[in-house]
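Chain A is fixed; fit chain B onto it per the hints.
2 protein chains.
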Amino acid sequence: MAKQKKAPRPKAVTPKGFRDYFGVEVTQRTEMLRTIAEVYHQYGFDALESSAVETVEALGKFLPDVDRPNEGVFAWQDEDDAWMALRYDLTAPLARVYAQHRNDLPTPYRRYAMGPVWRNEKPGPGRYRQFYQCDADTVGAPSVAADAEICAMLSDTLERVGIPHGDYLVRVNNRKVLNGVLETMGLDDDTQRDAVLRTIDKFDKVGESGVRELLGKGRLDASGAYIDGVGLSDDQAGPVLAFLTSKGADAAKTLANLRDAIGSSAIGAAGVDELETMATLLDAQGYGPDRIDIDPSVVRGLGYYTGPVYEAELTFEILDEKGRKRQFGSVSGGGRYDDLVKRFTGQEVPATGVSIGVDRLLAALREKGRMSEVAQGPVVVTVMDRARMADYQAMVAELRNAGIRAEVYLGNPKNFGNQLKYADKRQSPVAVIEGGDEKDAGVVQIKDLVLGAKIAENATLEEWKDRPSQYEVPRDQLVSKVREILDSQA
Amino acid sequence: MAKQKKAPRPKAVTPKGFRDYFGVEVTQRTEMLRTIAEVYHQYGFDALESSAVETVEALGKFLPDVDRPNEGVFAWQDEDDAWMALRYDLTAPLARVYAQHRNDLPTPYRRYAMGPVWRNEKPGPGRYRQFYQCDADTVGAPSVAADAEICAMLSDTLERVGIPHGDYLVRVNNRKVLNGVLETMGLDDDTQRDAVLRTIDKFDKVGESGVRELLGKGRLDASGAYIDGVGLSDDQAGPVLAFLTSKGADAAKTLANLRDAIGSSAIGAAGVDELETMATLLDAQGYGPDRIDIDPSVVRGLGYYTGPVYEAELTFEILDEKGRKRQFGSVSGGGRYDDLVKRFTGQEVPATGVSIGVDRLLAALREKGRMSEVAQGPVVVTVMDRARMADYQAMVAELRNAGIRAEVYLGNPKNFGNQLKYADKRQSPVAVIEGGDEKDAGVVQIKDLVLGAKIAENATLEEWKDRPSQYEVPRDQLVSKVREILDSQA
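Residue numbers (our numbering), protein chains in the order written: chain A, 1 to 490; chain B, 1 to 490.
Chain A with its partners taken away, still in its complex shape:
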């Protein structure tokens, strides 16, 4: 028989657009999700974990109009040829779950969900095809008290994970106010309305004068290209600009400005009333405008939501990749949406909810130095005599029983240098050594690796003499000495 051709070795690579998370990256995120879940739970929200897989039909936005619905989602056909896909967010699955289980679920239904979602999009720097979302939504509550509650919860959550009062702001706007403005302008033409909505979306980037130009004749953008405008007269553009710039010194002033901007529109008045109610409710709970503020310049998501819109921004400055100061920016957004459940049941079900960008929030805390990027490694018990492994295992058992993270070196113990290199790679704070001499004398050597590294780097001879980084203690003082060193490093 001919020798079979050897199959080539598979490549060990993460699929394009995906990544692996190691050590503290994982545990810090887990810890943050836990803290957020605690706040959500305190507010009466219940956990929901839907499956990662949904029918493409249920996801809706990506209905297959071609052979394969590979636009935006990862999809495949099951054994019955039905298209399945990985969820792209946590809101579409909530709508499906609520429609499916609505007779068993309480109304209103407050639920939170956290987990990965998947997007079949072109990956880029910092843009992955799998990332975490962390959502809280209230389904079936028509009153803006539900929106106010979520804003309060968002504020609490940010403070609980370590963003102090003053370093963030939850800003609130309302789509109905914008609808009132459009009504006042007399824009009946859908195409023109859409153009105005798209222009408003650029307010963040181009500011008041930019929006004015874009609503009018057009604008020369930074790259030198001329962008055609919507073609409104200055008079027509007025209410939009009044709306976007209506932020006053306090909520009362802002609300008064908004009432001016919407003219006699009923829907606009309803929107301003909603903002006023939210401000009153939040004030009664102690959330002043230094934490949650009415701010009509919030435009993100204004096209998607149907009522209140809210966004949490971190207001402290960081240095961007080019060394320029800039605000950290948005870490969370949400608002009220009405028709997600209707797709399934035909009945309109009011819903409002928020999504927190956990990874951005982690990045912010790291940026501010409020989260260590370095894990505390385990105490490493080295192996001087392979035959006495049982002794070393007993040591780590003692340390662990005292609540100290510890492990025995399990590689080839022949080269002691490798063991210390290993301890270094593991970011171990302490190494324990017990050779034959120590064993006979009933002692152990305990090496303070953090101090050792410091001394090696920059200590004077005096300091080196004064503060030795290695100690010999009786075997029965192993735990107490290690504890003492760990405490001194803290």
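These are calculated hints, taken from the structure and not from any lab test.
Incorrect hints may appear among the rest.
[Claimed, not checked] Straight-line distance between alpha carbons at most 35 Å, and here's what the computed DSBU-like set of lysine-lysine pairs gives:
(1) B/K11 / A/K414
(2) B/K425 / A/K342
(3) A/K421 / B/K122
(4) A/K16 / B/K425
(5) B/K11 / A/K122
(6) B/K439 / A/K253
(7) A/K11 / B/K421
(8) A/K342 / B/K368
(9) B/K11 / A/K16
(10) B/K425 / A/K122
(11) B/K16 / A/K253
(12) A/K342 / B/K11
(13) B/K122 / A/K122
(14) A/K439 / A/K425
(15) A/K342 / B/K16
(16) A/K122 / B/K16
(17) B/K342 / A/K342
(18) B/K16 / B/K253
(19) B/K122 / A/K11
(20) A/K16 / B/K342
(21) B/K342 / A/K439
(22) B/K253 / A/K414
(23) A/K342 / B/K205
(24) A/K425 / B/K342
(25) A/K16 / B/K439
(26) A/K11 / B/K342
Please read all numbers here as calculations on a predicted model, not as lab measurements.
Below, chain B without anything else, positioned relative to chain A:
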């Protein structure tokens, strides 16, 4: 223009073989994973979260030999036509990650991973296409000290999540001993060896006499069908049976029996030595045979692993679906495997690891009544006057600030009965009521819903008089009274 045909509504259904998890199902699992992670971390294991998606090439077992690799995994082609799939376990991704990052990772590399995995298999009762795994593995440690460590960690983990000493047993076997047995039997024929391995796998089910028959001429099974045997003589079958039944009164006796069973086989002797070393190491750390036991009747996975094999069983009895007593059985298994990383790099890398079935463990704790199946709902503040929502929100804020889970009713408040029905559905312990009269008098009504339900069910008139379930207290005693009631319910 003709009226556009309305698209049919999508169906709100969980995809076949998947399910949704609600409330305590989610939080209890999260809590258990957290506890397990704490133990793993204490032992020096680092977290790893690889992506849910892998190249089919890296997953290996399911290489596409047809157009679509839909056997066992959920797979699709990416934009470059390469096949991608959802991971089916956490071991294959570990091998890929270790091969990819081996120069940056410490050696040995202790890692833990927890998360969902996906199987494209026929779903059945209690068998889902997405479920959790919770693994710990040590890569790059050839010594059985690594296996002993994982057994000790498994024992600690079970006790920490609430399975007490005496209700579980970690049983250890070794594939090399079986290889020694096969060598002694002189089975050179691979087909016959495989047949013997398959027969051994049935030891759990058919016992000693069953295996004896199946190794010989054959056996009439419970359904009346005759199963052909391997065709060995009684003499040839002897060592296998001696191996399977070699469990003695203590480890020394078991090891002596095994040495008899393997005759002069060198590989067999190595296996028995490994078991002896593990027993010694575990004993030195205080893990006696009442927690971790050498037991050659453990056969699960013996065909897959290359050295030590271990399994954790819960030893208490439960009633099965037919009301018969049976042992709860296995909740975890693992062992040593050598060639997973080799697929990628060509170099053999020793590895050993364990996987805990979190959902089975949760089921066991619920079965034993050690885990409440009922969540503590939030305190519900009812809405008697829609215009005073701010007052009610202020109440829940006070309760939450005191650490009490609380919410205001956000549905339509018109029908008060609906509010109490809602509180019931939410499993609320306490309802708070403040109507106009109460507001004027500066008091609130606080209803003990747990006591109320008890009284409604079976109290005598006397008891009902003695223990009213509704209290009127001054508004400023809201928090203290609610706290008092919650404490009395605990």
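The hints, checked one at a time:
With a C-alpha separation of about 64 Å, the suggested pairing of B/K11 with A/K414 is violated against the 35 Å cut-off. This hinted pair checks out: B/K425 and A/K342 have alpha carbons roughly 24 Å apart, not beyond 35 Å. Distance hint between A/K421 and B/K122 is unfulfilled; the C-alpha atoms sit about 49 Å from each other, more than 35 Å. Between the alpha carbons of A/K16 and B/K425 the distance comes to roughly 46 Å, so the proposed pair goes past 35 Å and is violated.
Of the pairs offered as hints, the one joining B/K11 and A/K122 holds, with about 30 Å between alpha carbons and a cut-off of 35 Å not exceeded. Only pairs whose Cα atoms come within 35 Å are accepted, and B/K439 paired with A/K253 is accepted, the gap being roughly 31 Å. A threshold of 35 Å between alpha carbons decides the hint, and for A/K11 with B/K421 the separation of about 59 Å lies outside it, so the pair is violated. A hinted pair counts as satisfied when its Cα atoms are at most 35 Å apart, and A/K342 with B/K368 does not qualify at roughly 42 Å.
Between B/K11 and A/K16, the direct Cα distance comes to roughly 33 Å. Compliance with the 35 Å bound is thereby established for this hinted pair. This hinted pair does not check out: B/K425 and A/K122 have alpha carbons roughly 45 Å apart, beyond 35 Å. Restraint check for B/K16 and A/K253: not satisfied, since their Cα atoms lie roughly 55 Å apart, outside the 35 Å limit. For the hint linking A/K342 to B/K11, the alpha-carbon distance of about 12 Å falls within 35 Å, and the restraint holds.
For the proposed pair B/K122 and A/K122, the alpha carbon gap of about 33 Å is at most 35 Å, so the pair holds. Taking the CA atoms of A/K439 and A/K425, the gap is near 27 Å; set against the 35 Å cutoff, the hint holds. For the given pair, A/K342 sits about 23 Å from B/K16 by alpha-carbon distance, which is consistent with the 35 Å threshold. Restraint check for A/K122 and B/K16: the C-alpha separation of about 30 Å stays at or below 35 Å, so the hint holds.
For the hint pairing B/K342 with A/K342, the CA-to-CA distance comes to about 53 Å; that exceeds 35 Å, so the pair is violated. Under the criterion of a C-alpha separation no larger than 35 Å, the hint pairing B/K16 with B/K253 is inconsistent with the structure, at around 51 Å. Simply put, B/K122 and A/K11 have alpha-carbon atoms about 30 Å apart, close enough for the 35 Å limit, and the pair holds. Between A/K16 and B/K342 the CA atoms are separated by roughly 23 Å; this keeps the pair inside 35 Å, and the hint holds.
Restraint check: the Cα-Cα separation between B/K342 and A/K439 comes to about 39 Å, which exceeds 35 Å; the hinted pair is violated. Our distance criterion of 35 Å between C-alpha atoms is met by B/K253 and A/K414, whose separation comes to about 34 Å. Proposed proximity of A/K342 and B/K205 is contradicted: the alpha carbons are some 52 Å apart, above 35 Å. This hinted pair checks out: A/K425 and B/K342 have alpha carbons roughly 24 Å apart, not beyond 35 Å.
Annotation: proposed proximity of A/K16 to B/K439 is violated, straight-line Cα distance about 62 Å (limit 35 Å). Between the alpha carbons of A/K11 and B/K342 the distance comes to roughly 12 Å, so the proposed pair stays at or under 35 Å and holds.
Violated hints, listed in ascending order, are 1, 3, 4, 7, 8, 10, 11, 17, 18, 21, 23, 25; each of the other numbered hints is respected by the structure.
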